[in-house]
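So the sequences go chain by chain: P and U. The numbering used here numbers the first residue of the first sequence as 4 and each following residue consecutively. The numbering used here numbers the first residue of the second sequence as 4 and each following residue consecutively.
Think of the hints as simulated: they come from the structure by calculation, not from any bench. In this text, a Cβ means the ideal position worked out from N, Cα and C, and glycines have one as well. Hints should not be assumed to be uniformly reliable.
[Stated by the list, open to error] Derived DEER-like restraints, expressed as beta-carbon distance ranges:
hint: 1; chain 1: U; residue 1: D9; chain 2: P; residue 2: A50; range: 53 to 59 Å
hint: 2; chain 1: U; residue 1: T180; chain 2: P; residue 2: T180; range: 35 to 41 Å
hint: 3; chain 1: U; residue 1: R81; chain 2: P; residue 2: P83; range: 30 to 36 Å
[Claimed, not checked] Looking from chain U toward chain P, a few residues come up when the C-beta cut is under 7 Å (computed):
hint: 4; residue: L32
hint: 5; residue: I36
hint: 6; residue: A40
[Claimed, not checked] Okay, the calculated bits of chain U under chain P, using three or more residues with CB under 8 Å as the criterion:
hint: 7; segment: 13-20
hint: 8; segment: 45-57
hint: 9; segment: 162-176
Protein chains: 2
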Amino acid sequence: MELKEDPIRVLLADDQALVRGALAALLNLEPDICVVAQAGDGSEVAALAAEHRVQVALLDIQMPIMDGLEAAAILRQRMPECKVLMVTTFDRPGYLRAAFDAGASGFLVKDTPSAALADAVRQVHAGGRVVDPSLAAQSLMGGSNPLTEREREVLSQAQSGAPVAQIAAAMHLSVGTVRNHLSNAIGKTGAANRIEAAHAAHEQGWI
Amino acid sequence: MELKEDPIRVLLADDQALVRGALAALLNLEPDICVVAQAGDGSEVAALAAEHRVQVALLDIQMPIMDGLEAAAILRQRMPECKVLMVTTFDRPGYLRAAFDAGASGFLVKDTPSAALADAVRQVHAGGRVVDPSLAAQSLMGGSNPLTEREREVLSQAQSGAPVAQIAAAMHLSVGTVRNHLSNAIGKTGAANRIEAAHAAHEQGWI
DNA sequence: CGTTGCCCATGACAAGTGTCATGGGCAATT
DNA sequence: AATTGCCCATGACACTTGTCATGGGCAACG
């Protein structure tokens, strides 16, 4: 079925060492796939990928210092021949668009069956695209991010409970302006509060 | 090194199918460990454990319908000889106490090296206790949950952005009482807002 | 060039929020 | 029997928050 070729050279990036190691074990069971490098943060992937001549990079989105989206963008810029397969815990519609904007070839959520992972790697390596079907539909429905940049900034500050005065100081704005941005964001998300709005934006992957 | 015994019979419970499968692959690499059952939710574990005569149950805390803590309590009640090893993404100090209160014999966070997992299973099976050392120290320092039950209820409602009036209606209380509980919780957590308080409580595993 | 959209800002008003003092009911502890 | 701690409640006060009307500056698009 397969030509007798060298195994696909894969890099794994996930901040949780346990699942990173487990995914490596899972993929190494496949004879045509070989995990040649692992990273615990996005800032390491570009260098590791170059060093080990990686063909497919499997990146988690949530990582502490540099997230998977940023890492993907840098990686694609330096090694356009290296494919990226994004893996994430949360099925936020906004993430899908962001992933492909960053140059990813595939997108999986972590509750897809484990048997599908190896196939996804093969498809991506062969030049194909892999998208979680349920998420794809959801993403097309939802439309794209309606929030302006300022509204996003203000919301993400409000998320952690900062009062308006503090946000205004941090952004070098007047308190009135901050409240206007917040009010706009609340309206666009259909929420009643800043905090409901922040949650809604977070769930959509807008923030 | 090991006596020639039957392999340890392990059950895996995690809501994310991908990491569940990956952990299974990792553990099945060990000759003396055998994953005999998997569950995607806590409500399934007790029945599965009984059916497959499981010796060690590896439970994630975060699961949709019934969480790992509840599942552990039920499991320990019905099969006292079955050990529980808790695995979680977040290192909230409060979780550790809750896990042992539920009858767990071990507690691991998901960013421990994957090589340590098999050893933890063996130790727990042998009747020992396994605790993430960094978390243990953190837990002893933090002390235990200072929030009363009502304060926790009120906080968890406030977390999602509900206004006081709505919380009061949901709990059949007067708005003044809700604000008192909130004010107390804010004081105890050293926060400035209800939302900061909710975050703090959440990070401590108090909520 | 005019329009449109986003940014920034101000001021004012209604509603929601955090704090405090005060007090009654109840269960567990001393 | 008295104390302590949690629950519940009320009312009042200062402060924060959400909304609205209004207006200027600026860049992009027709």
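Against the structure, the hints:
1. U:D9 <-> P:A50: 53 to 59 Å: violated, 45 Å
2. U:T180 <-> P:T180: 35 to 41 Å: holds, 36 Å
3. U:R81 <-> P:P83: 30 to 36 Å: Between U:R81 and P:P83, where Cβ atoms are some 56 Å apart, the hint is violated.
4. L32: holds, 6 Å
5. I36: Not OK, violated: U:I36 not within 7 Å of chain P, min 12 Å.
6. A40: This interface hint is violated because 15 Å lies over the 7 Å limit.
7. 13-20: Satisfied; 3 residues make the cut.
8. 45-57: violated (count 0)
9. 162-176: holds (count 3)
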